[in-house]
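Participant: So the protein lines, in turn, are chains H and L.
If you read the first sequence in our numbering, its first letter stands for residue 9, the second for the next number, and so on.
If you read the second sequence in our numbering, its first letter stands for residue 9, the second for the next number, and so on.
Simulated from the structure, these hints should not be mistaken for laboratory data.
Treat the hints with caution; some may be incorrect.
[Stated by the list, open to error] Keeping only pairs whose Cα atoms sit at most 30 Å apart, straight-line, the calculated DSBU-like set for lysine-lysine is:
(1) L:K146 - H:K250
(2) L:K146 - H:K166
(3) H:K17 - L:K130
(4) H:K220 - H:K166
(5) L:K120 - H:K17
(6) L:K85 - H:K250
(7) H:K166 - H:K17
(8) L:K146 - H:K86
[As the list claims (entries may be wrong)] Sample of chain L residues lacking proximity to chain H, with all beta carbon distances greater than 12 Å (derived):
(9) G107
(10) G132
(11) P140
(12) R247
(13) A296
The beta-carbon is built from N, C-alpha and C at its ideal position, and this holds for glycine as well.
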Amino acid sequence: MRNVWIIIKREIGSYFATPLAYVFIVIFLALSGALAFFIGRFMSREQADLIPFFDYHPWLYLLLIPAIAMRLWAEERKTGTIENLMTLPISTVEAVIGKFVAAWGFAGLALALTFPIWISVNILGDPDNGVILASYIGSLFMAGAFLAIGSCISALTKNQVIAFIISATVCFLFTMAGLELVLNFFRLWAPDLLVDTIASLSFLTHFNAVTKGVIELRDIIYFAAMIAVWLLANVIAVDLRKAA
Amino acid sequence: MSAMIELDHLTKRFGALVAVDDISMSVARGEVLGFLGPNGAGKSTTMKIVAGFLEPTSGSATICGLNVVAEPVAVKKRIGYLPEGAPTYGDMTPNSYLGFIAEIRGFDGIEKRRRVDAAVEKLGLERVLRQPIETLSKGYKRRVGFAQAILHDPEVLIMDEPTDGLDPNQKRQVRTLIREMAADKAIVISTHILEEVDAVCNRVVMIAGGRLLADGTPESLRTRARDHNALLIRVAPDRIEAARGLIATLEGVPSVETVTRRDGTLLLRVPPGEHAHAATIVAALNGANIEIEELVNEVGLLDDVFYDITAHASHRENPYA
Numbered sequence: 009m010r011n012v013w014i015i016i017k018r019e020i021g022s023y024f025a026t027p028l029a030y031v032f033i034v035i036f037l038a039l040s041g042a043l044a045f046f047i048g049r050f051m052s053r054e055q056a057d058l059i060p061f062f063d064y065h066p067w068l069y070l071l072l073i074p075a076i077a078m079r080l081w082a083e084e085r086k087t088g089t090i091e092n093l094m095t096l097p098i099s100t101v102e103a104v105i106g107k108f109v110a111a112w113g114f115a116g117l118a119l120a121l122t123f124p125i126w127i128s129v130n131i132l133g134d135p136d137n138g139v140i141l142a143s144y145i146g147s148l149f150m151a152g153a154f155l156a157i158g159s160c161i162s163a164l165t166k167n168q169v170i171a172f173i174i175s176a177t178v179c180f181l182f183t184m185a186g187l188e189l190v191l192n193f194f195r196l197w198a199p200d201l202l203v204d205t206i207a208s209l210s211f212l213t214h215f216n217a218v219t220k221g222v223i224e225l226r227d228i229i230y231f232a233a234m235i236a237v238w239l240l241a242n243v244i245a246v247d248l249r250k251a252a
Numbered sequence: 009m010s011a012m013i014e015l016d017h018l019t020k021r022f023g024a025l026v027a028v029d030d031i032s033m034s035v036a037r038g039e040v041l042g043f044l045g046p047n048g049a050g051k052s053t054t055m056k057i058v059a060g061f062l063e064p065t066s067g068s069a070t071i072c073g074l075n076v077v078a079e080p081v082a083v084k085k086r087i088g089y090l091p092e093g094a095p096t097y098g099d100m101t102p103n104s105y106l107g108f109i110a111e112i113r114g115f116d117g118i119e120k121r122r123r124v125d126a127a128v129e130k131l132g133l134e135r136v137l138r139q140p141i142e143t144l145s146k147g148y149k150r151r152v153g154f155a156q157a158i159l160h161d162p163e164v165l166i167m168d169e170p171t172d173g174l175d176p177n178q179k180r181q182v183r184t185l186i187r188e189m190a191a192d193k194a195i196v197i198s199t200h201i202l203e204e205v206d207a208v209c210n211r212v213v214m215i216a217g218g219r220l221l222a223d224g225t226p227e228s229l230r231t232r233a234r235d236h237n238a239l240l241i242r243v244a245p246d247r248i249e250a251a252r253g254l255i256a257t258l259e260g261v262p263s264v265e266t267v268t269r270r271d272g273t274l275l276l277r278v279p280p281g282e283h284a285h286a287a288t289i290v291a292a293l294n295g296a297n298i299e300i301e302e303l304v305n306e307v308g309l310l311d312d313v314f315y316d317i318t319a320h321a322s323h324r325e326n327p328y329a
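Please construct the entire structure, taking both the sequences and the accompanying hints into account.
Facilitator: This is the structure we're talking about:
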């Protein structure tokens, strides 16, 4: 645990040592606001909730989360610092978790900084703050799942652009799996069981369930399991390099 | 003396390429081992396995009695490793980077400060402590990497080309540092610079094509040079032919030739034979009343030994040769 914490501190420090952190936070806040106000018609629909805000999070994450995740391992491999890191007395699991938690904490900070929209909606009306809290938690977990995918894929290449494109594609597939458009295609020929399985793997299905205000244990378990599985694959990807 | 590093039939394959081919050796406390070999000989791969960055395909590496694959964290605690090119986090300052290394190495509070300060002082990093590492000169970057490797005073120090990119003064400083630390550690350094071997190493291992080809003290390897113990004799210019004729007739002297030194002086050169023949030659020349103005016993060059031992082995690996 001590080692994980030391790695988290170093990683967070390096986010803020470069413009990366500031650029990311500004873009995230600008885009999430713009999408909620202009495309989600936050004001004109005259309802005291944050649905137009949260609805766009999967699509926002699709673009921005792979951008944080791409550097996690690919940059270390490119610059050779991975040889330094992996010959320090830490286990691969500690390194993977430390890097992931740092990136997740950073994404969480960006998400927390959207609080003015929560204040606004409370001034303008009388929203259900329980639903909003649930949505924030769901959004944070979804960001974690995107990040775990991105971190794992970043460990497979030393090219950050490749890491970004592949992560975004994989995240896109996981998101899209829940749309009727995709499910209808499968319904034509696949058994119900398969269709249900695909739907159940979708980020959208689980995230939409959460934003409706019902935090069900199975939705949180779903995201937690996604994170665990992809981080496990991440550990394996890093260790494979040793034996290659 | 107990073996601190023990390689037992160590082999590493990358697909069809055999990078390290059945290397066995051990390094004891107090030894500074110079790891020599042409580029692509397997030096870095061997060092990466010892440092726990790569796993061997077969065979084993043992550090202080601990297997590097079975107990990686315990092994890494005992090793200081400077990878090739000394990669460090460019966006950190030497101060924050060394602080991070100290924490990972298990030092906190005052002890952490003390360790970092000691390493900073040893490598002369005071002036650049608060600049991002990526803005530093190559020499400073290398020294930050070096500081990282010795910060925890490890029992085993593995350094891949530690003086690469340093200026002559910095090289001297680093070599002094290595010699100072040598007494209670097992140190392995890889290098292309043969003078470095003379400066710091008390043992030399040469590898090429992944195979261990020579192992000994710098002195013992030097005796394997073609020119080791060749004699150079200078006599008065008018007596040179007489001297040459005389030496050629001596028993046990393989041959004698006339060579020209860079300043134009003519010298007689007797290549090394099976037995020492300096005394015989001197006695014969004295007997003939030829005055010896200068007598030089050539010392073999490690360069020549290196070439003789490794050129053959590398050619076999080179498809274009």
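Participant: Which earlier hints can't be squared with this structure?
Facilitator: Of the numbered hints, 4, 9, 11 do not hold.
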